[in-house]
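Fit chain B to the given chain A structure using the hints.
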Amino acid sequence: METSVSEQVPVLGREARRSHARERLSGDRIFSLVTLGLAAVIVPLLAGLAVALTTASMPSIRKFGFSFLISSQWDPVTDLYGALPFIWGTAASSAIALVIAIPLSLGVALCLSEMAPVWLSRRLGFLVDLLAAIPSVVYGLWAIFVLGPWIRDHVEPLLATYLGFLPLFKGPKVAVGLLTAGVILSIMVIPYISSVCTDVFRAVPQTQREAAFALGATKWEMVRVAVLPYGLTGVTAAIILGLGRALGETIAVAMVIGNSPQISASLFRPAATLASVIANEFAEATTDMYVSALIELALVLLAVGVALNVIGRLLVAGVVQRRFDTRVG
Amino acid sequence: MMASTPHRERPYIFRKVKSDFIMAVTVAATLVTLTPLFLVLGYLLTKGAASVNWAFFTSLPKPVGETGGGMANAIVGTFEVVGLACLIGVPIGVGAGLYLAEHRGGQFAQAVRFAADVMMGIPSIVIGIFAYALVVRPMGGFSTMAGAIALAALMLPLVTRTTEEMVELVPHELREAALALGVPQWRTTLSVIVRTALSGIATGVILAVARISGETAPLLFTSFGNRFWSTSLSQPIATLTVQVYTYAISPFQDWQRQAWAGALVLTAIVLALELGVRWITGGTAKTAR
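Just so you know, the sequences run in chain order A and B.
So the first sequence is numbered by my numbering: it starts at 39 and just counts up by one.
So the second sequence is numbered by my numbering: it starts at 6 and just counts up by one.
Here chain A stands alone, though its shape is the one from the complex:
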């Protein structure tokens, strides 16, 4: 790449200048081509991912067509597959996760951006971030042996007693099921939602806050009229991104959801998600159609995940420019 700056180097002799220019040109050329080549890996990789999954799930797509998405039959014995139980399980467990995670994340974000002094906010933010650092399998292990039994012994009886008239909270109390999966998921997505929300709230101009205070608002009134409306888009984006995380989370969910492809209104019942059934059954899938159907589940997961991620990022890009993707400092 030629630059005007280096063209104006007059001190070198003509020969030297020429060889210098050649060397620079070739060096720049090579370097530029190498980085271009490396950057060019990413786009085909993504395209290849979509193509590979589509090709591999073609047998299943051809055989079942659209009914794959609405059939609730998942039967390896007769080789008939429908994704509905897993779509239900994914939606239900993610919904539970969001119901718990949204208020907590908003609380954390407000505490970090509006309440805590800078030194404390930083340390608390760090701890919340650590929640995202703990491996999924460790959460799963903890959920099997600690969280699940605790929910069975303490949370489910309480829900059954006071809200038992709802079909959601009927049925036998077990440690593995939608509820446990939803709770562990919520713990795992809170750091993602809350860190975006914190960034969004911090991006609210200080003048907005001062204006509200100048009008005599209390802290909460200030938050309600100045911070929350300003951050609404960003919070929506954070929730969408959190949902994307929850839908795709595999191992922790696979360990505690019970893995049974059934659709039941009760949150105490075992279920299975798109990701968890892949994790559980892929290695033992015997027929080609079985494998193909499982890969089609991955394709569904890919499509939903990508869609949510793109929407979330487009929303968040407008609010906190360039701070979400890689935040350092």
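Each statement offered as a hint is correct.
In silico lysine to aspartate or glutamate, EDC-like type, Cα no more than 20 Å apart, as pairs:
#	chain 1	residue 1	chain 2	residue 2
1	A	Lys-208	A	Asp-191
2	B	Lys-21	A	Glu-152
3	B	Lys-21	A	Glu-248
4	A	Lys-211	A	Asp-191
5	A	Lys-101	A	Asp-117
6	B	Lys-67	B	Asp-259
7	B	Lys-23	A	Glu-152
8	A	Lys-101	A	Asp-326
9	A	Lys-101	A	Asp-113
Simulated coverage check for chain A against chain B, where a stretch passes if three residues somewhere in it have a Cβ under 8 Å from a Cβ of chain B:
#	segment
10	76–89
11	160–171
12	223–232
13	279–287
14	315–322
15	337–347
These aren't lab readings, by the way, just hints derived from the structure by calculation.
Just so you know, even glycine gets a beta-carbon here, dropped at the ideal spot from N, CA and C.
Then chain B, alone, in the frame of chain A:
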């Protein structure tokens, strides 16, 4: 803005109490959120520490039904798969990041940036299935290489975006100064820009390593697992995460005990990376997501 707006003339004390109450709730929410962190770490320390012993680090897993044994092969396996993933993912990621930083507005750069962002949102199990279709099927079996490729694909967008971000933080004057001295563009990039951004880039790489070290889902159908030492890249290999997963859902008590030990070691590795980086960078580093 309904009930409590100032012009409704509610006594200030009510509004003040309400405000304090709500703000106290946000503090409570933070404490509730952090509780699982301390609980998980606490259980790991008590249950895990009680199960870790010398054999855990030095011996191979025992067959079903026999107690004892360890996860030596899985610990080494994790380092092996993650190391290989870095060999693939880091050069590509850093190179791509440099390209993005140098061609900020270019159309192709936009496309790459977008693709990297989209990849970050893809569930890791989907990446695992991709690596299965791409590597395991053609090669005819589970392999160390397949696991490394899956993890490399996971870390690639993270490294790319952090590198870009770090390079952009380098003041433009540095580049201009180097170019004004007649330094070729590529040398400017490598010895001035990358050098200046090096600690930031390294931070991004280490955080990406921490992230992939804890991944289980993409390894299930790629590197699979192995009860013995894996001696070739085309063989399946045991990793800590998959081993903990298998042991945790097993009905055997001794395996469950070892799952806790494995989880402790795994978490220690991941947290050491995360904490180490933050400590070095003064607590400002954050994971790309």
